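Chains A and D are the protein sequences, given in the same order.
So for the first sequence, our numbering puts the first residue at 1; every next one is plus one.
So for the second sequence, our numbering puts the first residue at 1001; every next one is plus one.
Just so you know, the hints here were simulated from the structure itself, not pulled from any lab data.
What you are looking at is a predicted structure, and each value in this text was computed from that prediction instead of being measured.
Hints may contain errors.
List time: in silico DSS-like cross-link candidates among lysine-lysine, alpha-carbon distance up to 27 Å [claimed, not checked]: (1) K246(A) x K1037(D); (2) K1221(D) x K1300(D); (3) K1173(D) x K1062(D); (4) K1165(D) x K1048(D); (5) K1002(D) x K1062(D); (6) K1088(D) x K1062(D); (7) K1037(D) x K1088(D); (8) K1300(D) x K259(A); (9) K1088(D) x K1173(D); (10) K1088(D) x K1165(D); (11) K195(A) x K93(A); (12) K246(A) x K195(A); (13) K259(A) x K1002(D); (14) K1002(D) x K246(A); (15) K246(A) x K1048(D); (16) K1221(D) x K1037(D); (17) K259(A) x K195(A); (18) K1390(D) x K1300(D); (19) K1318(D) x K1300(D); (20) K259(A) x K1048(D); (21) K1221(D) x K246(A); (22) K259(A) x K1390(D); (23) K1088(D) x K1221(D); (24) K1088(D) x K1002(D); (25) K1318(D) x K1002(D); (26) K1088(D) x K246(A); (27) K1318(D) x K1221(D).
Only some residues are given here: those of chain A computed to face chain D with a beta carbon under 7 Å [what the hints assert, rightly or not]: (28) G157; (29) L159; (30) S267; (31) A271; (32) S279.
All C-beta atoms in this analysis are idealised placements derived from N, C-alpha and C, irrespective of residue type, glycine included.
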Amino acid sequence: MSILIGRSTRLVVQGITGREGEFHSRAMLEYGTQLVAGVTPGKGGQTALDGKVPVFNTVREAVYQTGANTSCIFVPAGGAPDAVLEAVAAGIKTIFCITEGIPALDMIPVVEEVRLAGARLIGPNCPGATSPGTAKVGIIPGSIHRQGSVGVVSRSGTLTYEAVQAMTDAGLGQSTCVGIGGDPVIGSQHIDILKLFAADPDTEALVLIGEIGGTAEEEAAAWAAEHMANVPKVAFIAGRTAPEGKRMGHAGAIISGGKGTAASKVSALEAAGFRVANSPTELPRLLREAGFRR
Amino acid sequence: MKIHEADAKSLLVAQGLPVPPWEVARTPSQARAAAVKYLADPANATGKVVIKAQVLVGGRGKAGGVRLASTADEAEDVAAAILALEIKGLPVRRVLVGPAAEIVKEYYLSVLLDRATKRLMFIGSAEGGVEIEQTAVTNPGAIVYEHADPLLGLPDYAARELAFKIGFGAHWKAGAAIAKGLLRTMVANDADLVEINPLAVIRETRADGTPVERLVCLDAKITLDDSALLRHPGHEELRDMDAEDPTDVEARRYDLTFIKLEGDIGCMVNGAGLAMTTMDLVNRAGGQPANFLDIGGGAKADRVAAAMRLILDDPNVKAILVNIFGGITRGDEVAKGLIEARAQQVRDVPMVVRIVGTNAAEAAELLEAAHFVTAASLDEAAAKAVAAAKGAAA
């Protein structure tokens, strides 16, 4: 078992014929993901990835013809919010939006529509997710994973890879790794993913990776303290040395008015029973110290 | 992106919001001409003008950047003095000149993006004129919070509710209209923040000499969403180049995210989270990062070379740490860029390179042939870079 994606995932890629879309779709297919359809308006009837994947004009048609239940979006920033709405309208319940650089205000009505439809959006500006051994959706390199029972949730891309690689090198496999995205308005926060991990019988430990800005890590910590008290938990927070008032690359990574500091997040996590690492490479050792024995 | 008060006020006026008149002056004589006009205006109840420095830092008033004048001569002198100021390192190139308001009461009203609820949020208070962060500490009960509907925005009834909650008294209609106007300004310009402090009831003089009060936006602060600048081509002109480091401009040209810091170890990383982590680990190893630099996903050799030039432009840099976790980014492309950049390099600075992930083996081969110092783990790379910087300093 795993969360969000797995054996029953039937994936449609929106923007499959674009440069990024095609490159990563190939990697998803090679990983073993059931990639059943692609969507590019105007290219319906063609195929992508050397004839392996049929391309449709609309998500609705792709769902009707292939039974797709999950979407991955590589559409450029100008069209990505609309692509999410299209997936929602077609009845897709799990949507990953990889696209970065979407204006924040564009996402406000979109996340509301996702909520009203009872769907789940991961991203935008996220690397996607991998359930090692069964499915990978997005751009995370498949090679860094190992199958296991540690759930990983992170706001970042390459920092997630760093942490996952450290776990894999130490022999600690993962149930699912999720990158939720670094934008100010994202579909799912750390806490939403924690709720899924808590309900997943195959996730026995938790790695939470956060960064400065906002209060999502603090909220997740408070929830975990109450609902995941007996789960071994470790965390890493990036940006301890970031100056106040500067946007550190991610649109959401900013300390303002003394809020969103690494120190505040670290102390909230420690108070909630997380062991907080000083470097991503310490995570495996801390997880064993927390009682994880796999 | 932050913009000047005068430009923010123009965006408010474009949405029909009440803002007292003003002019922007670049010279003392322009300021004098504007002052002459406002001093002679019969509506001006104080008979004075206010002259405000246009700089993108807080604390203008304390630095002497906001002053009053009663005559045209005085206005010219004051403008000359303010235009000669440097406030927190920024030169004052423009001043705003307007009638000095007779303030009856000051309020606070802003709209901002509330990440936790994924909605726009109004913050209002009947205690304006002071920083809202200060009110939040001294009198949190005096602050009103209200979210805009994600689909409907701020319907009339919600604007009225907000106005009555803040307590605009007789000016509740104007307050509700201004709240709606601030939201329009936010959406029309893709702003992150629209803040009016103070939003003030001011007293003016009618043509017949009797006083009249109205609610107006006396000051304005707007920050724009960088991700949306492309669809507002006019906004690029509002950028204050004085507030920008020249390296910021160069970085934007190559689609790099660069933030200059105080230390001596230049960092080049792919991914914002990993770039912050790299800074943290340099710090933990006893060094100080000279910059935050995210070369982004899929960087090619030319972007890597540009990033290297940016780092080396900082004379404080004594060592460079390159940390790449290849995903979309191919390690061998980065290695080629580094080799090319070093060939053009005018200054010899020790460099520690760590490349893992996609095409890391090819990258390692290239780097070895070119005699680069490499590291396997992030912690090791940070330690080596700190040692190299200390060696260079000694």
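Hint by hint, which ones does this structure get wrong, listed from lowest number up? 1, 2, 3, 4, 7, 8, 9, 10, 12, 15, 18, 20, 22, 25, 27, 30 and 31
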